[in-house]
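Spelled out from the first residue to the last, the chains are:
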Amino acid sequence: MLKKRIIISLTFNDGVLFRTKKFKPDYRYTKNFVDLWNADEIILIDVSDGSNKQSQNFLKVVNFFIENCHLPITVGGGIDSLKKAKKVFELGVEKIIVNSSSYTNPQLTSLLASTYGSSSIVHSIDCKKSKDNKLYDIYINNGKTKVDQKSLEYLKKILSFNVGEILINNIDNDGSLLGYDLELINFFANHINIPLIVQGGAGNWEHFYEVLKLNNISGACTQNIYHFTEKSLISLKMFLKEKKINIRLDDTGL
Amino acid sequence: MIGIINSGIGNIASIKSALNKKSIEHKVCISKNDFDKINKIILPGVGSFKTFYENLIENSIFEILKKKIQNGMPILGICLGYHALFKSSNEFGHYEGLGFVDGEVKNLSELNINLRIPHVGWNICTLKKKSILFENIDNEKNFYFTHSYIPTGVSTNNILGVTPYGKEIISAIEKDNIFGVQFHPEKSQKQGLCLLENFCKF
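If you read the sequences in order, they're chains X and Z.
Going by the numbering used here, the final residue of the first sequence carries number 254, and the count climbs one at a time with no gaps.
Going by the numbering used here, the final residue of the second sequence carries number 202, and the count climbs one at a time with no gaps.
No lab work stands behind these hints: they were computed from the structure.
All values reported here derive from a predicted model rather than from experimental measurement.
No false leads were mixed into what you were given.
For each label pair, taking beta carbons as the anchor points, the in silico distance ranges come out as:
no.	chain 1	residue 1	chain 2	residue 2	range
1	Z	25	X	68	15 to 25 Å
2	Z	27	X	150	49 to 59 Å
3	X	68	Z	30	18 to 28 Å
4	Z	157	X	145	56 to 66 Å
5	Z	126	X	145	46 to 56 Å
In the EDC-like style, the derived pairs of lysine to aspartate or glutamate whose C-alpha atoms are separated by at most 20 Å in a straight line are:
no.	chain 1	residue 1	chain 2	residue 2
6	Z	66	Z	176
7	X	3	Z	138
8	X	3	Z	140
All C-beta atoms in this analysis are idealised placements derived from N, C-alpha and C, irrespective of residue type, glycine included.
Throw the hints in and build the complete structure from the sequences for me.
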C-alpha cells in the first residue's frame, strides 16, 4: 500500500538555509542529517529576490542534496521558464514546484507537464483566510499578490494544466506551530483528485496525525527545524504507526 | 563499464550520484559513438514518453540500443526507461517503444483504479519470482514511485514484481537480459542503491 509521506521542506535565500527563528543560517548542518532521519521526500525552495533567484549558490545546494541524499527531491521557487525547469531537472530532481508563473504564463505549466510528465510537476497554492473570514483567497509572489479570481475557480484552472500534485499552504499558519489548517484543507480537498500534500503549522506529532488520517491527504510537510534533530522523524513515524497511519519505517541510511 | 543513456531530459545526475556512492564505473551515452567499452546499460527517464522518444530517435540512440540489447547486453530501464522497453505507449499520443517485451503502457486511469493519479510516494514491490536484481532486498521494503502510466498486458513469465495500488500494478519485469522497474531505485535509499548494485555487479 502507498505510504503517507513526511516531507521536509527547506527554504533558501541565495543558497543559505533561511530561518526566521533562532537558527544559525548554515545549511551544512541540516543536509548532513536529512537522509538519515527517515524523511520520505525533501523540498528545497528558493526564496531569493529577483536576480538572486536560481543563483549558483542555490543550485549548489540542490546539487549537494542530490549527491548525498538518495531520496526524492523537489525544487521550487522562481521556475518561470522551460529553461529554468531544465536546469533543475538536469541536476537530478524528480519534481519541480510551480506557483506564480501559472498566473502570468498559464501555457508554461501545461508545457512543463507535457514535456516532463504530469507526475513531475507540483503546483503549490498559498492561501489566506478572506476578509469575511468565510472563504480563502489565493496569493502569488510569495504571498504578496492576491489572485483576482475566486479560489475554487482558480484551483480548477490549475488542475486543467495537468499538474501531478497540489501543495497547499496557509500563509498565516506558516511557522505558527498551531497545527495544519484543517478548515482550509476541507475547503479545497474535495475539489482535488490528484495527490494533495499540506504545509504550514506543524508544531507537534498530533498535528501530523490530524492531517495524515484524512483519506485525501498524501503527505505532510514540515519546515520546523526542531523536527530535524536527531531521531525526531523516527519518533514521529513511530507515533504515527501506533496510531495506525500507513507510514514508511524502513531502516534508512546508506 | 555501465552506460547511462542520456535522453536529454532524464535525471541522469541522480543515477550518477547513486553509482558514485557504490563506486561503480560508469559513463554517460549521448550519441551512438559513446558505447565503447560499455557492457551494461541503464536507461533512466523523467519526462513524457513523447519527448523522451523523440530525443532518442534524434540522437540515433534508439537503433543502437535495439542492436546491443538484441545481442544480449543487459539493460535496466527505470520509470520512463522501463516503459520504453515495451511495444508501445499511449502517453500524449501513440508511440512505438523498443519492443523487447510484450505489453502496452497505459494511463493508470485506464485500469479503473479508484485512487489518485499520479501514483506518488513509497510503496512495496512484491516479487513473483526470485531474481538477482532483488538479492538482499527484503520483500516489505519500500521504493519511491512517481508515475501516471504503467505497462499492461505483460506475460506472467516476464513479471518480476507487483505493487498494490488499487489493484496489482506491474512494477518490475525481467526477461533474459532485460530488466525494468517502475520505481526510482536511485531515489529509494539503501534498498534502491542495493538494487542498482545488484544489476551492475551480476
